[in-house]
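Visitor: This is what each chain is made of:
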Amino acid sequence: MIPTLIIARHAVLETVRRRVFVVALVLTLLFLALFTVASAKAFAAQGTFQFGNNGPVGPAGIASLTTVTLLGLGVFGSLFLAAVLGVFLTVGAVSGDAERGLLQPLVVRPLGRRQFLLGRFAGAASVSIAYVTVLYAAVLVIVHQAGGQWPHYIVGPAVALMGAVTILVAMSLLGSVFLSTLADGIAMFMLYGAGLVSGLLASIGAALNAHTVQTISHDITIALPFEGLYEAAVHTFASNAAGLARIAVNLGPFGAAQAGGTTFYLWAVVYLGLAAVAASVGFERCDL
Amino acid sequence: MTALVATTLQKRYGSVVALAGVDVIVAPGELVGLIGANGAGKSTLMKIACGLVRPTAGEAMVCGAPARSREARRSLGYLAELFRFPGWATALEVLALHQQLAGSSRGQAERDELLELVGLADAAGRRVEGMSKGMQQRLGLAQALIGEPKLLLLDEPTSALDPAGRRDVRTLLLGLRDRGIAVLLNSHLLGELERVCDRVIILAHGRVVAGGRPEELTRAGGVEIQTGEGVRRFPQARREDIPRLVSELVTEGADVYEVSLVRDTLEDVYLQALGRE
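Chains as they are written, first to last, in my numbering: chain A, 1 to 288; chain B, 289 to 565.
Keep in mind that the hints were calculated from the coordinates and are not lab data.
A couple of the hints might just be wrong.
Just a few of them, taken from the derived set where beta-carbon distance is under 10 Å, the chain B residues facing chain A [said to hold, decoys possible]: (1) GLY339; (2) LEU385; (3) ALA432; (4) GLY516; (5) GLU517; (6) PHE522.
The beta-carbon is built from N, C-alpha and C at its ideal position, and this holds for glycine as well.
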């Protein structure tokens with residue numbers, strides 16, 4: 001077996017043995033249970049919405065609005081939980097493990113440090129991607145069961161979510177090369193928060209037609225492409241809705257003003273490559 | 289091929305000089321002990337040899353290959369001073385992982401042999417988190433021996449072991465020497481080094497201040513003779529003076545009970561090298 005796969009397998013085995021999966025499963029079931037209740041209640045309350053049956057949005061618009069908003073909420077929750085999982089799997093992968101003395105016996109073996117990093121990345125990314133995919137599928141099923149609608153696009157948002165999680169794992173691993181476990185963890189959650197704020201800024205900027213706000217949001221999204229990928233996923237759902245319903249979705253907390261696009265997806269791939277190079281160079285130069 | 293050649297190795301951590309031009313050679317099958325105070329540069333020397341630390345200047349070659357190269361790392365085994373294995377893994381799993389990474393194809397036979405060698409045969413299936421520190425250190429030694437290394441770098445390998453464990457390690461080291469494996473051993477237990485090492489190197493402030501075979505370094509320091517009137521000391525006397533001294537004391541009418549040749553211990557030599565009493 002090649003060294004990268006040995007390390008990746010070791011990382012996955014660690015998540016199983018340390019009962020990460022058990023904890024994640026329990027909390028995920030809790031989230032899905034709450035989401036199921038929320039979805040059922042939301043669809044049941046559609047008739048009471050004042051802009052609904054006799055208002056400008058109309059009954060079909062309200063159903064669409066409810067579906068897309070719930071999907072947005074579900075995707076938001078899915079990404080958050082997957083981000084927590086991915087970050088915790090990588091946040092101490094280099095500095096933290098070196099401080100504890102776990103890393104040294106491994107990297108003196110003939111595998112290269114680059115291969116070690118790649119193995120840790122592959123292990124954490126595969127676990128996180130599998131997790132977010134399962135969670136996303138569960139969200140779709142729950143919303144369909146409650147409201148009877150499937151989104152028009154299913155695969156695109158799933159791929160965008162997987163990309164977002166992959167970038168978060170790469171950022172966390174990169175941080176672990178240069179920062180202590182605590183500093184990396186704090187940095188990651190602050191950056192995650194900055195990404196969320198950027199998404200809200202984009203919505204506000206679009207609603208008010210404020211170009212400066214939109215530019216700031218766009219720049220943050222370039223710096224933190226996981227947010228752009230998340231927005232792209234949510235934006236795809238909103239394409240289901242039309243007219244006032246679509247505007248209402250995009251202005252809501254789970255709407256998205258930015259649509260992604262080929263250039264942005266290419267940038268996300270380049271970003272991953274740059275993170276890999278920076279982590280690799282940093283780790284090679286690092287005294288353990 | 290020489291197991292380790294370090295040439296004018298220098299290492300700085302910011303303004304702190306850890307190594308200030310160290311030359312060390314370890315021949316195949318040679319057991320060399322490193323002695324020095326905390327911060328003398330012993331661990332840094334070992335870390336440079338196994339590729340964990342980059343030297344600021346100078347070079348280290350392991351079995352003819354540059355220290356950080358894959359070829360060099362294939363030739364060595366390393367036990368760090370502060371190391372840990374994943375608590376969730378069993379002893380067998382730890383060894384299996386390192387076998388895979390080292391490219392060892394000896395499988396279960398090697399794992400069983402190494403666990404037997406370090407006295408952990410009965411704990412093969414036990415998780416690391418359930419092991420005492422001493423057991424983990426034994427497992428660390430087994431891990432360092434995977435893949436039949438030509439050079440073994442052991443940084444404080446007996447610090448957590450009880451006296452019986454230390455004796456086991458001494459026996460193990462002598463067995464390795466017989467098999468032609470070179471060992472660079474760092475320990476504060478000077479008596480231990482004196483007993484097993486072919487050669488010792490004393491480091492102070494990042495420099496080699498003394499070195500040689502233990503029996504050369506530990507010079508004779510006089511003769512002590514216990515008589516009925518107490519212990520008589522002859523600081524300048526040597527081994528060949530003993531019959532004459534005993535004869536003279538008997539002639540004087542003294543009762544002689546015990547004669548001992550006093551030698552400097554490695555600790556004395558170490559403290560003298562560091563300029564301390």
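Visitor: Determine for every hint whether it applies to the structure shown.
Guide: Tested hints:
Among the interface hints, the one on B:GLY339 holds; its C-beta lies about 6 Å from the nearest C-beta in chain A, closer than the 10 Å criterion. Nearest Cβ of chain A to the Cβ of B:LEU385: about 6 Å, under the 10 Å cut. The hint holds. Taken as an interface hint, B:ALA432 checks out: its beta carbon lies about 8 Å from the nearest beta carbon of chain A, inside 10 Å. Look at B:GLY516: its Cβ only gets to about 58 Å from chain A, farther than 10 Å, so that hint breaks.
Using the Cβ-Cβ criterion of 10 Å, the hint placing B:GLU517 at the interface with chain A is not satisfied: the shortest such distance is roughly 57 Å. Annotation: B:PHE522 was flagged as interfacial toward chain A, and the flag is violated, the nearest CB pair being 51 Å apart, outside 10 Å.
Of the numbered hints given earlier, the model fails hints 4, 5 and 6; all others are met.
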